[in-house]
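Enquirer: Residues per chain are reported as follows:
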Amino acid sequence: MTGPAENRLPPGGVTEAVLDRSGLAALVTALRRRGRTVIGPTVRDGAIVLDELDSATALPYGWGVELEAGTYRLRRRDDGAAFAHSAGPQSWKSFLHPERVRQWSADRGPGGDLTVREERPERVSYAFLGVRPCDLRAIRILDRVMAGGRYHDPAYLSRRTGAFLIVVECTEPGATCFCVSMGTGPAADAGYDLALTEVVDAEGHRFLCRSGTEEGAAVLAELPRRAADDTTRTAAVLGVREAAERMGRSMPPVDLRTLMRDTLEADRWDDVTARCLSCGNCTMVCPTCFCTTTEDVTDLTGDHAERWRRWDSCYDLDFSLLHGGPVRATPRSRYRQWLTHKLGTWHDQFDSSGCVGCGRCIVWCPTGIDLTEEAHALHREAGGSQEAP
Amino acid sequence: MTLTPLPYRVDDRREETRDTVTFTLAPSGEPLAPFSPGQFAMVYAFGVGEIPVSVSRILDGSRLVHTVRAVGAVSRALCGLGPGAQVAVRGPFGTGWDTTAARGRDVLVVAGGIGLAPLRPLIDTVLAEPETYGRLNVLAGARSPGDLLYSDEVPFWRSPFAEFTVDRPSAGWTGRVGIVTGLIDEARFAPSGTTAFVCGPEVMIRATARALVHRGVDAARIQVSLERNMRCATGHCGHCQLGPLLLCRDGPVVGYDRAESLLTVREL
Amino acid sequence: MTTPAERPCGARLLAALPAGEREPLSSLARTVVLPAGTRVFEEGEEADRFWILCSGTVALDIEIPGRGRAVVETIGADGLLGWSWLCPPRQWHLGAETRDVVRAWEFDAAAVRALCAERPVLGLALVTLVAETIGERLRATRTRLLDLYGPPSDGPAS
Numbered sequence: 008m009t010g011p012a013e014n015r016l017p018p019g020g021v022t023e024a025v026l027d028r029s030g031l032a033a034l035v036t037a038l039r040r041r042g043r044t045v046i047g048p049t050v051r052d053g054a055i056v057l058d059e060l061d062s063a064t065a066l067p068y069g070w071g072v073e074l075e076a077g078t079y080r081l082r083r084r085d086d087g088a089a090f091a092h093s094a095g096p097q098s099w100k101s102f103l104h105p106e107r108v109r110q111w112s113a114d115r116g117p118g119g120d121l122t123v124r125e126e127r128p129e130r131v132s133y134a135f136l137g138v139r140p141c142d143l144r145a146i147r148i149l150d151r152v153m154a155g156g157r158y159h160d161p162a163y164l165s166r167r168t169g170a171f172l173i174v175v176e177c178t179e180p181g182a183t184c185f186c187v188s189m190g191t192g193p194a195a196d197a198g199y200d201l202a203l204t205e206v207v208d209a210e211g212h213r214f215l216c217r218s219g220t221e222e223g224a225a226v227l228a229e230l231p232r233r234a235a236d237d238t239t240r241t242a243a244v245l246g247v248r249e250a251a252e253r254m255g256r257s258m259p260p261v262d263l264r265t266l267m268r269d270t271l272e273a274d275r276w277d278d279v280t281a282r283c284l285s286c287g288n289c290t291m292v293c294p295t296c297f298c299t300t301t302e303d304v305t306d307l308t309g310d311h312a313e314r315w316r317r318w319d320s321c322y323d324l325d326f327s328l329l330h331g332g333p334v335r336a337t338p339r340s341r342y343r344q345w346l347t348h349k350l351g352t353w354h355d356q357f358d359s360s361g362c363v364g365c366g367r368c369i370v371w372c373p374t375g376i377d378l379t380e381e382a383h384a385l386h387r388e389a390g391g392s393q394e395a396p
Numbered sequence: 010m011t012l013t014p015l016p017y018r019v020d021d022r023r024e025e026t027r028d029t030v031t032f033t034l035a036p037s038g039e040p041l042a043p044f045s046p047g048q049f050a051m052v053y054a055f056g057v058g059e060i061p062v063s064v065s066r067i068l069d070g071s072r073l074v075h076t077v078r079a080v081g082a083v084s085r086a087l088c089g090l091g092p093g094a095q096v097a098v099r100g101p102f103g104t105g106w107d108t109t110a111a112r113g114r115d116v117l118v119v120a121g122g123i124g125l126a127p128l129r130p131l132i133d134t135v136l137a138e139p140e141t142y143g144r145l146n147v148l149a150g151a152r153s154p155g156d157l158l159y160s161d162e163v164p165f166w167r168s169p170f171a172e173f174t175v176d177r178p179s180a181g182w183t184g185r186v187g188i189v190t191g192l193i194d195e196a197r198f199a200p201s202g203t204t205a206f207v208c209g210p211e212v213m214i215r216a217t218a219r220a221l222v223h224r225g226v227d228a229a230r231i232q233v234s235l236e237r238n239m240r241c242a243t244g245h246c247g248h249c250q251l252g253p254l255l256l257c258r259d260g261p262v263v264g265y266d267r268a269e270s271l272l273t274v275r276e277l
Numbered sequence: 152m153t154t155p156a157e158r159p160c161g162a163r164l165l166a167a168l169p170a171g172e173r174e175p176l177s178s179l180a181r182t183v184v185l186p187a188g189t190r191v192f193e194e195g196e197e198a199d200r201f202w203i204l205c206s207g208t209v210a211l212d213i214e215i216p217g218r219g220r221a222v223v224e225t226i227g228a229d230g231l232l233g234w235s236w237l238c239p240p241r242q243w244h245l246g247a248e249t250r251d252v253v254r255a256w257e258f259d260a261a262a263v264r265a266l267c268a269e270r271p272v273l274g275l276a277l278v279t280l281v282a283e284t285i286g287e288r289l290r291a292t293r294t295r296l297l298d299l300y301g302p303p304s305d306g307p308a309s
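Top line first, the protein sequences correspond to chains D, H and E. First residue of the first sequence? That's 8 in the working numbering, and the numbers climb one at a time after it. First residue of the second sequence? That's 10 in the working numbering, and the numbers climb one at a time after it. First residue of the third sequence? That's 152 in the working numbering, and the numbers climb one at a time after it.
Hint data in this document are derived by calculation from the structure and do not stem from the laboratory. Please note that the accuracy of each hint is not assured.
Covered stretches of chain E, going by a simulated chain H footprint (3 or more residues, C-beta under 8 Å) [said to hold, decoys possible]: (1) 166-172; (2) 227-240.
Residues from chain H shown here face chain D by an in silico Cβ test under 7 Å; the list is partial [to be verified]: (3) 13; (4) 16; (5) 247; (6) 273; (7) 274.
Note that the coordinates shown come from a computational prediction; the quantities given were computed from them, not determined experimentally. From the three backbone atoms N, C-alpha and C, an ideal C-beta is built for every residue, glycine too.
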C-alpha cells in the first residue's frame, strides 16, 4: 500500500496546508487506496445524508440546507461550497453503533448441548469525511458510553478503533444549531486526524487543512497542496468566529444538570407533553442516543438461535417494562426521561452532557418541539431570568 | 464473559413453592468469574430470552445457585427445565451487598417475597463469620405460608431473631400474619449500630426503609436492592436507568440515602 | 443503646409519655400471664381493657361461617393489643387469641380514661401513641390490599 509518494515524506508529515477541490478529491482517493471505507455527506432523497463516497464528486457541492423546528429543506448555493450545510437526518452513530447488530449465535445439539458463538465483528476501516465539531464531540461521548466503562462493546470498538476522522469546522450554522451553548463548536479542538476549514472568497474555493495525528499528517503529505498562507488562515478563523455569532438557538445560561435535577415536577412537562407524539424521532436522529434492546430469535428448526441488538427509544412504552407494566406509562414521564437524561443525568452516568447542540432533534420533531425552548421554559418556571446569573 | 453467555447445565432442581424453583447450575465448559452476594447473572433460556437473576447461594467451586419465580415467558421457561437441561449464563454483574460495611455491627435483613433470594448469600456470609458481625435478624414477608422460601433454613438463621410473616394465612398456620415492617419492633438490634439489607417489591422497600429511619437507622446504613427493566447488564442499553443511576452498574444494591429521593419521583 | 427486646416491659409506651406522666399510668398496669390458646376477647364484647405485650404473640381473628376463625393480623412483643376501648361504641371488632404464652401489662380502660380526663397532658400523649399504632396498622392493611407478592398483573387499576 505504500506508494512512492509516501517514501518521499518528511518525517512527521505535514501539519498545515491549503487544499483546493482537487486536493479534496485526492484525499478521498488516498483514503480509499489505504483500504478505508470513506463515509461523507452526499445528496440523496431530498436531504444531505451520510453514505459511502466513491469519490469527492459525490460531496454536496453547491448545496445548503434550510432548517427550522420540524423543517428540513435543501437549497441551492451559488458559491459551490461542499460543507456549508449543517446536520442532516443521520449521524456517525449509524456507522459506529449500527441499528442492528448480531451479538452471538447459539446452537442446540442432538443431546441438548448448547454451543454459543460470539459474533466476530466484520473488519471495517472507516474514514469519516465532514465530521462537524459537534458530531466529533458526539463520537467522543459515544466512546465513553460504549467503551469508556468497565465493559467495552466489541461491535462499537471494531468500527471505531482506527477510524480516520476528518472534521470540517462550521462556517454556516443552521437555524437550529446551538453548539456554542454546549461548548462543542463551531471550531474543532482535538480528537481529529485532519481538520478542514472551507473558505470561498475572491481568491477561490479552498480548504485550510490541519493535521491532528501522525496518520493525518502522513495523509496530508500525500495530497496535492500548497503552503498555508495568512490570507486563508485569517479567512478560516473569521469564518468560524462569525459562525459562532450566528447560532440559531441557545440554551439558558445556567447549569443545565442542576436545572434538570430541580425541575422534575415542573408544570412545563405537561405543556410539552401536549405536543409530544412519543414517536422517538429525536432519539433516532440524536448523535449520542445509544439505547438498544435485544431480540432473541430462532430459526424454523428451533435448534439455532441468535441474539440481535437493535436501537431502542426511551419513548417506547415497553422500554421501561417491569412485571407486566411500564414504569414510565405517561408520555410526560418519557419526554422528561429523555430530556433530563440528555442534559442532566448523563453527567452522573458518563461524566459529560449527552447533548452536543447539533439541533437534529429540533429539526426532525414532527411537531417542532425545541429542547432549547423547553430548557428556557423550565428555567423560567424555576424562577430564573433570561440573564446570566 | 460479559456479552456472550457461557453454557451451563442444570445440576439440581428444587421446587421451593408452587411457582418458584431453585437451580444449581454447573458450567459445561469454561466457568464465569465468582459472584458476590447481591450480584446477578443474565440467564438465557434457549430461544426464549434472557433475564437478570440474582445468585441465591454462593457455592465453593464454579457452580451457580439461582432461585427463579415463574412470572414471565423466560422465567416460566427456566422453571420448566429439569436436570441435565442447558442454559447460557453471563455475569457477574452489578454491585453486591456491602458486607464490609456491616462488620462489627448488628445486621438486619428484611425481605419481601422472592426478595429473600438475593439476601440468602448475605445471610450465609454473616452466619459463616459470627464473630465478625453483631446480631443477625432476618425478617421476611410472603404472600401465604405456601410461598415461603427456604423455610427449612429459618431455624438456623435465629441468631438471635428470624421470623416469617404472611399476608394470607392458611388453615393451621401458627406463624405471624401481617406485613414485614410489623416485625421490626421485635427484632434485636441497636438502631445506631445496625446495617440493614432490604430487598422486595419497591413499595415494601420504601415502607421498610422509612420505618427503619424512623427508628434511628442511618439511611446510609440501609442497603436496598432495586429493579428496573434490564437488557444488556453492561451499561450499554439504557433500560435500567433510575434517574442518575444505571442499575446494572450502579446497582442493584444502592444506599437508601442515594435511593430515597429517586424512589419518590413518580415514573422516574 | 438497648434493643426493643432488651427493654423492660412497656418501654415503648412509657418512652412516648412525658416523664411526669409515666408513673401515674404504669401504676394502673397489672402484669398478666396468659397461657397459649387463651381467648383474650371476642368480637362484640365490651372493650373494657387493653394490653401492652411484653412477650409472646396474639392473633386477631374474625369468625366466618363455614371457614371458622380467620386470622387477620398478629401482634408481637411491645405491641398494643386493643384500641376499641378508646372510642365508642367500645366493643371489640375482632377476637383475640394467644399463640403462645403471653406476658403483658393489662390496663382497665375505664380507669385509664378517667386518668386521662384528669391529666390532659397524659391523655394527649396516650391518644397520640394509640393513633400512631392505628396508623401503622392502617398502612399495613393498605399495603396488604396491594397484594405485592401476588402474580404480576397488568398494572394498577388507576
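Enquirer: All hints are to be evaluated individually against the structure, with a verdict given for each.
Expert: These are the hints, each one checked on the structure:
no., hint, in the structure
1, 166-172, "violated (count 0)"
2, 227-240, "holds (count 4)"
3, 13, "holds (4 Å)"
4, 16, "holds (4 Å)"
5, 247, "holds (3 Å)"
6, 273, "violated (10 Å)"
7, 274, "holds (5 Å)"
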